[in-house]
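Peer 1: Okay, here's what each chain looks like letter by letter:
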Amino acid sequence: MGERFEGSAAVQVQRVRKRFGTKTVLNNVSFRVEDESLHGIVGLSGAGKTTLLNCLVGYYDVDAGSIRLNGDRLTEDHASQIGFATQETCFYEDISLASNIAYFGNLYAVPDQQLWARAGKLMDITGLSGEKDMKARNLSGGMKRRFDLVLSLLHDPDVLILDEPATGLDPTLKQTVWDTIQTINGLGVTIIVSSHLLNDLEDLCDDISLLHHGTIITTASPRRLRDLFSHNYQLVLETYPGNYKALLIEIQKQDVPVEQPSQHKNKVSFTINDPHQAIHALDQALTNVDEQIIDVSIEKPGLESLMEKIG
Amino acid sequence: MSPRQTLTILYTTIKKDIQRLLSSQFNAGLLILGPLLLIGLVGFAFQDNSLNDVTIGVSGDTASFADVEQRIQAEGYTVQHYDNNQACISDNSDGETGACLIFTDTSPTTIRVYVDFSRSQFAAAVLNEVNNVFDRVRREQLNDFAASISSGATDLSGELSTFQDRLINVRSSLNQTQTSISSASGEQDRIERLQRHAQNMSDWLNETQSYLGRVDEDIQSTKERLNNQRGVASTLLDQQGCANDYPVLAERSEAEQRSILNEADNPACVIIWNQAQYFDQQQDTLDSIQSGLHSQERRIISATNRLDNLTNQDVSASMTEEIQSVVTSTLEQVEQSTADLQGLTNTGFLSTLQSAETGVNPFDIEVHRHDDLSDVSILDILFPGILITLISFVGILIGTVLVMKERTSNARFRNAISPAKTWVLRLATTITGAGLSAMQGSIVFLVAYALFGLNTVFSPVLIGFFVVLGAVFTILGQVIGTFSPNEEVGTLLSIITAVVFLIFSSLITPLEKMTPWLSTLLTYTPFNQGMRVLRRQLLFDESVFSLPLSLSVLIACFTVCAIIVYATDERSL
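So the protein sequences, as listed, match chains A and B. Residue 271 in the numbering used here sits at position 248 of the first sequence; the count goes up by one each step and never skips. Residue 316 in the numbering used here sits at position 285 of the second sequence; the count goes up by one each step and never skips.
Heads up, some of the hints might be wrong.
To be verified - Sample of chain A residues lacking proximity to chain B, with all beta carbon distances greater than 12 angstroms (derived): (1) Glu116; (2) Asp135; (3) Arg160; (4) Lys167; (5) Ser175; (6) Pro298.
What the hints assert, rightly or not - 30 angstroms max Cα-Cα, derived DSBU-like pairs, lysine-lysine: (7) A/Lys158 - B/Lys254; (8) B/Lys436 - A/Lys276; (9) B/Lys436 - A/Lys155; (10) A/Lys144 - B/Lys452; (11) B/Lys254 - A/Lys144; (12) A/Lys155 - B/Lys452; (13) A/Lys155 - A/Lys197; (14) B/Lys254 - A/Lys155; (15) A/Lys288 - A/Lys268; (16) A/Lys158 - B/Lys46.
Stated by the list, open to error - Not everything, but these chain B residues come out facing chain A in the computed CB check (under 7 angstroms): (17) Arg35; (18) Gln36; (19) Thr43; (20) Asn441; (21) Phe444; (22) Ile448; (23) Ser449; (24) Thr453; (25) Pro579.
Read the hints as simulated data drawn from the structure, not as lab findings. Each residue gets a CB set at the ideal place from its N, CA and C atoms; glycine is no exception.
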């Protein structure tokens with residue numbers, strides 16, 4: 024695209040509380056989103072992610088605390104600085120893409136010439152060029168999510184907020200959506216994205232806030248989160264001819280604890296405490312059982328496991 | 032947000048709503064072809080104003096009412112005879128006949144009409160038609176009566192005129208006789224001439240006597256007709272309970288009579304009594320003429336006898352003069368009588384006799400449409416109801432559907448977080464519904480006007496009123512949509528609301544038939560007030576602004592609904 028979307032935004036959420044009746048959905052939520060960063064909100068179902076994002080776009084008023092956009096307290100006047108896409112596509116399916124673009128563009132008071140220029144570029148980015156006259160209901164699931172992103176960006180927002188944008192898509196479509204989000208972020212748009220697809224987010228986001236029962240547990244980079252919440256490592260191994268049962272027994276004989284072993288296709292993985300000790304024991308065991316190594320890796324466990332642990 | 036931006040959002044939202052409503056061919060077809068189909072059916076169905084295929088049951092003394100029965104058949108209705116009254120009534124209540132007419136042999140004769148009021152519109156239509164039949168029969172009978180009287184009067188007048196001519200001839204002969212006698216050369220010659228002329232005179236007088244007899248018969252016949260009418264008037268006076276006043280009034284002075292009659296409780300008595308009085312006056316006049324003619328007849332007989340004698344006897348000069356005097360006197364009397372009758376004819380004798388018929392039928396009630404409605408068809412009369420029904424159904428349904436579609440649409444969230452004010456979006460919905468309702472009303476109107484001869488004028492003010500009506504019903508639909516839990520319930524509620532409006536309007540059952548307080552309350556529904564204005568505009572060609580109360584009710588209704596719709600926070604629902 025070659026153009027950098029204007030607008031450098033920072034979102035600061037301070038001690039936000041939101042109640043529905045007697046139920047407190049968000050309690051003392053605080054975090055900060057840096058300019059042009061891609062910030063993840065991770066939480067299990069019912070943690071309060073959608074409520075938090077609805078507060079960030081101004082759909083819900085907060086009961087306590089504050090939300091600041093570029094240092095200013097969030098008001099209705101900031102509506103045009105925020106773009107939003109939800110886990111359900113937010114447009115009219117019974118009219119064409121062009122009609123949707125015209126309608127939402129006008130709703131945000133985008134001048135016509137500018138609107139169609141931006142729409143054209145965004146449709147190119149999202150791979151929807153040529154579908155302008157198609158009725159929205161005829162788009163595929165992935166195309167709908169991408170078109171939703173187009174609509175969210177029509178008015179050139181400073182901050183784009185995405186609520187589980189890849190939920191329900193097959194792996195290929197998910198990857199397409201994530202790629203598109205990264206492209207948009209690469210253009211300088213600050214993005215806040217929520218998901219329970221944690222493995223995807225850890226590769227995508229600069230920072231992640233962990234939301235649990237309406238409270239932010241912490242905000243940090245994905246690697247820092249793994250460090251904070253896990254002292255173990257995951258060893259993933261592929262050998263030939265693949266007699267993994269004998270191999271694991273041989274490792275254990277050398278006083279190396281092997282926890283949570285599991286086999287997927289031609290690989291076996293298990294948790295270890297000390298990587299150095301484990302590599303040494305593996306080397307001995309391979310010789311003893313006459314196995315040849317094809318691939319081996321040792322890494323911190325994914326956020327998926329982390330959330331399971333928190334849950 | 033600037034006014035220009037607000038207008039842009041309004042425009043683009045209306046455009047979007049219309050695009051959504053027309054998103055399927057079925058929807059588009061329904062919106063455009065629906066009203067065409069409706070008016071096509073209605074316009075075709077009500078091209079003919081008369082009632083079709085209606086059977087009228089008759090029972091009782093049908094022979095006395097042959098005129099009525101013939102007229103019913105002449106109007107295209109089937110007549111079914113019943114042997115007993117109860118069967119006639121029973122078949123009517125079963126819907127076999129449109130009306131049951133029972134002819135009674137009371138004096139004066141009465142026709143009892145039974146119609147099924149549970150089908151009030153049909154009953155009213157049948158009653159109207161039956162009443163028209165009675166009216167036509169009554170008029171035919173009146174015409175026959177008037178023609179009969181007129182014929183009698185004309186005959187009488189003709190006879191008298193001929194009689195007068197003959198008397199003139201007689202006088203001329205007498206004059207010639209006088210001249211001839213005067214110019215006689217001697218007494219003998221004079222007597223011979225007198226005898227010769229006397230013979231001619233005798234022939235003339237015999238013939239005149241015969242004429243007088245015929246005139247007398249004509250006068251007698253007219254007197255009998257008058258007497259007959261007076262008898263009917265007396266019966267009517269008795270029926271009205273004022274028979275006793277008649278002889279009493281007759282004895283009073285004219286001023287007293289007028290005073291008493293002006294204060295009479297029953298105006299029918301006044302009408303009938305005046306007619307009876309008139310009959311008496313006419314009778315007196317004819318009596319006087321008849322008496323005069325009888326006198327002349329006697330004198331002519333006497334003169335004829337004298338003349339007969341003259342032909343055989345000697346006649347003295349004095350006798351000749353006496354004969355001449357008799358002839359001259361007779362001539363004068365007949366001329367006077369002829370002048371009297373001619374005067375009666377010329378000064379409204381016939382019209383007086385016709386007005387006497389009014390006395391015989393003092394309650395000749397004619398049901399008239401308003402002048403403005405004299406040329407209207409059934410379609411014209413139905414049209415305000417059709418329009419208000421169409422606009423209310425379309426407005427309420429579109430209002431509800433648009434709100435429900437918006438509420439159930441995922442796009443709702445994007446709208447909610449946009450800078451556009453909520454009231455602008457809701458106003459756009461109102462405008463869309465009002466516009467589409469007005470468009471449908473206009474289509475129906477134009478088709479009815481162009482193809483089915485709707486008898487009214489299309490005006491921009493009318494379109495404006497369609498928009499107002501559409502806005503009122505659309506905002507009502509928006510209220511329903513706002514509080515309905517889902518689209519199915521919303522649609523059902525909107526249809527129920529529209530149907531309730533229809534039921535509680537005078538289109539199906541007159542409001543006046545309902546419980547008084549409910550009737551008063553229901554008068555102020557937007558449906559009824561809208562119809563009131565449309566009737567005024569379409570049927571009576573009066574401005575929609577001529578009913579400020581109705582317009583105020585519509586505006587108040589819109590305002591209340593608008594407050595509810597615009598003040599409701601969807602997030603709280």
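Peer 1: Now look at each hint and say whether the structure bears it out.
Peer 2: Results of checking the hints against the structure:
1. Glu116: With a cut-off of 12 angstroms, A/Glu116 comes too close to chain B, as the shortest Cβ separation is near 8 angstroms.
2. Asp135: 10 angstroms, violated
3. Arg160: Violated, because the least Cβ-Cβ distance between A/Arg160 and chain B comes to about 9 angstroms, which does not exceed 12 angstroms.
4. Lys167: 10 angstroms, violated
5. Ser175: 8 angstroms, violated
6. Pro298: Holds, because the least Cβ-Cβ distance between A/Pro298 and chain B comes to about 48 angstroms, which exceeds 12 angstroms.
7. A/Lys158 - B/Lys254: 95 angstroms, violated
8. B/Lys436 - A/Lys276: Between B/Lys436 and A/Lys276 the Cα gap is close to 68 angstroms, so the pair fails against 30 angstroms, i.e. violated.
9. B/Lys436 - A/Lys155: 23 angstroms, holds
10. A/Lys144 - B/Lys452: OK: A/Lys144 and B/Lys452 at ~28 angstroms, within 30 angstroms.
11. B/Lys254 - A/Lys144: Violated, because 110 angstroms separates the two Cα atoms, which is more than 30 angstroms.
12. A/Lys155 - B/Lys452: 27 angstroms, holds
13. A/Lys155 - A/Lys197: With Cα atoms ~22 angstroms apart, A/Lys155 and A/Lys197 stay inside 30 angstroms; holds.
14. B/Lys254 - A/Lys155: Since the Cα atoms of B/Lys254 and A/Lys155 sit roughly 100 angstroms apart, the hinted pair is violated (cutoff 30 angstroms).
15. A/Lys288 - A/Lys268: 14 angstroms, holds
16. A/Lys158 - B/Lys46: The given pair, whose Cα atoms are some 16 angstroms apart, holds under the 30 angstroms limit.
17. Arg35: Violated, because the Cβ-Cβ distance from B/Arg35 to chain A comes to roughly 9 angstroms (cut-off 7 angstroms).
18. Gln36: Because about 5 angstroms separates B/Gln36 from the closest Cβ in chain A, which is inside the 7 angstroms limit, the hint holds.
19. Thr43: Interface hint status for B/Thr43: holds (4 angstroms vs cutoff 7 angstroms).
20. Asn441: 5 angstroms, holds
21. Phe444: Holds: closest Cβ of chain A sits about 5 angstroms from B/Phe444, inside 7 angstroms.
22. Ile448: At about 5 angstroms, which falls below the 7 angstroms cut-off, the nearest Cβ of chain A leaves the hint on B/Ile448 intact, so it holds.
23. Ser449: 4 angstroms, holds
24. Thr453: 11 angstroms, violated
25. Pro579: Given a least distance of 39 angstroms, the restraint on B/Pro579 is violated.
Hint compliance for this structure: hints 1, 2, 3, 4, 5, 7, 8, 11, 14, 17, 24, 25 are not met, and every other hint is.
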